[in-house]
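*Asks:* All chains, please: the whole structure from these sequences, using the hints.
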Amino acid sequence: MGHRLLVCLLIVQFGVVATLFAQQGANRDEAERERVKRAVENNSVAGKDEPATRIEKFLHRKNVLLIKEITLIGAVPGQAGSEVRIETLAISQVGEVNKVYGLRITRAAARGDHVGFIDFDELGALQTAFDYLLKTSGDFKATTVESATATTESRNETLNSASTEMAITTRDGLKFGLIQQGKQQTGFIQINGLSESTVSFGIGALGRLRNLLLQSRQALVIAGAK
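In this text, residue positions in the sequence shown follow numbering that gives the first Met the number 0: the first is 0, and each later residue adds one.
Hints listed in this document are in silico derivations from the structure and should not be mistaken for laboratory results. Built from N, CA and C at the ideal position, the CB exists for glycine as well. One or more of the hints may lead you astray.
Unchecked claim - What follows is a list of derived Cβ distance ranges for each label pair: (1) 66 with 131: 35 to 43 Å; (2) 210 with 180: 37 to 45 Å; (3) 51 with 182: 19 to 27 Å; (4) 130 with 59: 40 to 48 Å; (5) 161 with 110: 17 to 25 Å; (6) 191 with 124: 14 to 22 Å.
*Replies:* Printed below as a string of structure tokens:
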């Protein structure tokens with residue numbers, strides 16, 4: 000009788016201890032979830048990078064009245080129905096004479112547009128890069144044709160599998176470039192470093208993009224940019 004009672008007491012005690020351990024484990028899990036949640040929230044606020052462009056810094060001003068002058072310069076169609084829209088921006092604060100000038104680059108998407116900004120003082124380097132890309136695209140094509148004519152079939156296969164990328168990245172992380180894959184050439188824009196923000200297009204559209212950037216720069220100079 001005493002032995003059975005002792006066994007029953009041990010079973011009850013074991014059950015209580017197991018319940019306590021389970022409860023403590025659940026509490027630790029909940030505490031860990033809260034810690035991770037707070038860390039994510041803190042990082043999203045305090046850990047956010049400083050705006051890279053003058054335009055974004057201006058747009059982040061609080062408790063002031065801002066004036067945005069926006070002009071659509073044009074759009075460049077890409078593959079798979081994608082499109083990049085280019086607009087000039089002139090932003091000022093009420094009561095101030097100085098303005099901030101630049102471009103807004105937008106890639107429309109079903110889940111929200113991808114937007115990037117380019118300061119006016121970046122346009123010179125960007126223009127030079129595009130001139131080089133377009134010149135190089137012609138040099139690439141000529142070199143590819145000559146090599147294909149002068150080499151063997153196995154050499155052609157190696158040539159067609161080779162890939163070269165040239166690109167320039169702005170302060171805001173917009174990446175403009177050209178990819179040469181064998182005989183195929185593809186221009187591209189990538190916004191915010193996201194693959195879903197990438198727009199690809201042919202060399203003709205790359206030339207159109209270059210011309211729109213030139214028009215944008217000229218329009219901003221007329222508006223007062225220096």
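*Asks:* Take the hints in turn and mark each one as holding or not.
*Replies:* Do the hints match the structure? See the list:
1. Separation of residue 66 from residue 131 is about 36 Å and conforms to the stated range, judged on CB atoms against 35 to 43 Å.
2. Evaluation of the 37 to 45 Å hint for residue 210 and residue 180 yields a failure: the beta carbon distance comes to about 25 Å.
3. Between residue 51 and residue 182 the beta carbons are some 37 Å apart, a value that contradicts the proposed interval 19 to 27 Å.
4. Between residue 130 and residue 59 the Cβ separation comes to about 33 Å, which falls outside the hinted range of 40 to 48 Å.
5. Residue 161 and residue 110 have their C-beta atoms about 35 Å apart, which leaves the hinted 17 to 25 Å range violated.
6. At about 20 Å, the CB distance of residue 191 to residue 124 agrees with the hint of 14 to 22 Å.
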